[in-house]
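Engineer: Listed here are the chains, written in short residue letters.
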Amino acid sequence: MMFAIINARLVDPASDYDGPGGVVVADGIILEAGPDIDIDACDEIIDARGRILAPALIDLRTAKEPGLTPDGETLSSLAAGAARGGVGTVMLAPNARTPQDSPDSLAALVRTFDDHGVRFLAAGAATVGLKGEQMAEIGLLARCGAVMVGNGDRPIADSRILRRVLAYSSQFDFWLASRPADAELSAGTVALESDWSARMGLPSEPAISERIAIERDASLAELSGGKLLVDRLSTEAGLDALRHVRVRDIEIAASVAVAHLTLNETDAGDLDSAFRMDPPLRSEMDRRALVEAVINGEINAVVSDHRPTPFDDKGEPFALAIAGTLSVETLLGAMLGLVHDGQLELIDALRVLTCGPADLLSLPQGRITAGAPADLILIDGDIPWVVDADALASPRANCAWSGRRFQGRVLQTFVAGVMIHNHDG
Amino acid sequence: MSRAEFSYDFPHRHLLSVADLNPVDIAIIFERAEVFLKRNRTPDKASDDLRGLTVLNLFFEASTRTQGSFEMAGKRLGADVVNFAVAHSSTSKGESLSDTARTLAAMQPDILVVRHPATGAPKFLAEATGLSVINAGDGMHEHPTQALLDSFTLAQRWGSVGGRRILIVGDILHSRVARSNIGLLNILGAEIRLCAPPTLLPTDVDQWGVEVFHDLDAALVGCDAVMALRQQKERMTGGFVPSEREFFHLFGLTHERLEVASPDVLVLHPGPMNRGVEIHTRLADDPEISLILDQVESGVAVRMAMLELIGTNIRKGYAA
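First to last, the protein sequences are chains A and B. If you want the numbering used here, it's the 1-based position in the first sequence plus 2. If you want the numbering used here, it's the 1-based position in the second sequence plus 121.
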């Protein structure tokens, strides 16, 4: 089937185009894109009526819950949330509950990827159980479908092991996602070391923990020839370190979680457990610095860091609560908030959600150009809505944006030319 | 060209490193080894070429095959061979290597065959004792007789190893066998390829006159011979390599993988083998391809050649 979307505001960060246009799609592939397209042969024409047409988003950091978890987030509920949020490509990243360190179970997981509309990708564990002690079977994980490796929220504390993991994964051309934190400085902390956390009496990590880690990790990447993905940069101190190490000849990339771009530590003002994050929420200065870094092109990818958690885990005081928030469905809404606020241009907000992550992994999607997969979203940039955690696709409800007023919503999501979400339908 | 056409005698009194040898030295060693190889297959293996000389096997690391091979080589040449199990004696009582050296030298042996866990120990002993020393493996540095016997084994099949494409696969980082083979094969003009995960390669190894691969299937293309290295079990459990099964999947030699190599490809292994880790058990036992037992046989012959050549020079030294 051949169809077209016309009369759109076409926003394609890969080609730096933001203007009137449309696309023609055939067999799941973009046939033509731009202001002048030939729609004569199309079976169906969707009139966008001036609304935003962009590449479907690519989210390099999400999680589901372990299989058979009662009321847990499954691949299908995650896919449903992603489709509603305009995310066409979803990476399952390893975390403590689902370490993804066994090639056999990863292979079984990957076999179920095709049934959900969105494109799933998997990152394998860098070390067994994410403990940072023993290298995981990275080569077999690669054979079973992993496209990169990571160590979840745990930094690999032992520099010798990190060196070897970086060197070893380089033979598969894999990125190693490494949480930038000095393991000892950050051990047992739940907040940024700041006036706020000091007054609240929370165990807190200094921002330089991130700087130390980035400098160490980057030095080891330089030594070993490995590819280092700074997994959720969150402080200005860390950003300074990133700028310094980028002067050298290192393969280094950085992601930022949407929470750190749109929230700060005072959002948890009265110690609301919904704002317990890992890395913790930072200061407003840090948040602004990260937004600047997105504008400057220093951030390769913004990730949702979607983390479904049972109420039991969040039903604890802030300092004891399990970190994380649902965010795949609210990712775009939160980013559009920055755009409406005048902090960020739409094309810059979309760049780190589309071609930025696509280029890291050499994915063909994430761009609107002839020959690319027809992974597209149609967005109404103005519709107001209120986030209701219980109305999200996830069976969980731990959403930091719950109750927030968003402006702008995904109307339709296409993956390989197939509509997997229709807001009106 | 035979040695008779040169007015050149084997000049060495030690074998510490393959780097001390030139192509003519190596030709002389191989020529003598071939004589011994043939003689060892007859009932008249023994001679009295080294009668009166004492060979001291000084193994600071446990070894059965290398030590046995040297012992047999010495005995077949009529030398008195004494095995000094140092691992269990004076050094465990805290004696320094220079004191051990003085003690041993006082017993007036002629040739020390030394294996030691520390790089440079054989050279140290040669300097400390003034005796002839054959390096039977020092740390991760060199194992010259292994490299000589590997090339000799191949030369028996091919006539010469020059111009042949030879792949060394496995733990190069910790391997003295690999270092000596790289040195020797470069002298002999072979084309050397290495294949290992980045964690098992020495720093800047691409500057050693080799081509480096991480993908075994690419590395094997057109190879005339493959040397599999022995993998230490303790390095296969998450430190350098995640697991033995992953190593076999990525770097293990099998008949199927060898299909891209030369049709007459040969496989060597210094032993002892870990079947199913670095080499498929069926391949290890394939007499068409595997030279593993030929290497063991060549080992005795090459070590006889070394002992004979060095022994001759020791006698010359006395005569002078």
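Hints are not guaranteed to be accurate.
Going by beta-carbon spacing under 7 Å, a handful of chain B positions derived as facing chain A [claimed, not checked]:
{"#": "1", "residue": "138"}
{"#": "2", "residue": "339"}
{"#": "3", "residue": "364"}
{"#": "4", "residue": "371"}
Calculated directly from the structure, the hints in this document are not laboratory data. Bear in mind that the values here come from a model prediction, so they are computed numbers and not experimental data. Built from N, CA and C at the ideal position, the CB exists for glycine as well.
Engineer: Indicate, hint by hint, whether the structure satisfies it.
Structural biologist: Against the structure, the hints:
Violation of the interface hint for residue 138 of chain B is found here, the shortest Cβ-Cβ separation to chain A being roughly 28 Å, above the 7 Å cut-off. Nearest Cβ of chain A to the Cβ of residue 339 of chain B: about 11 Å, over the 7 Å cut. The hint is violated. At about 6 Å, the closest approach between the beta carbon of residue 364 of chain B and any beta carbon in chain A falls short of 7 Å, and the interface hint on this residue holds. Taking 7 Å as the C-beta contact cut-off toward chain A, the hint placing residue 371 of chain B at the interface holds, the least distance being around 5 Å.
Against the hints set out earlier in the document, violations occur for numbers 1 and 2.
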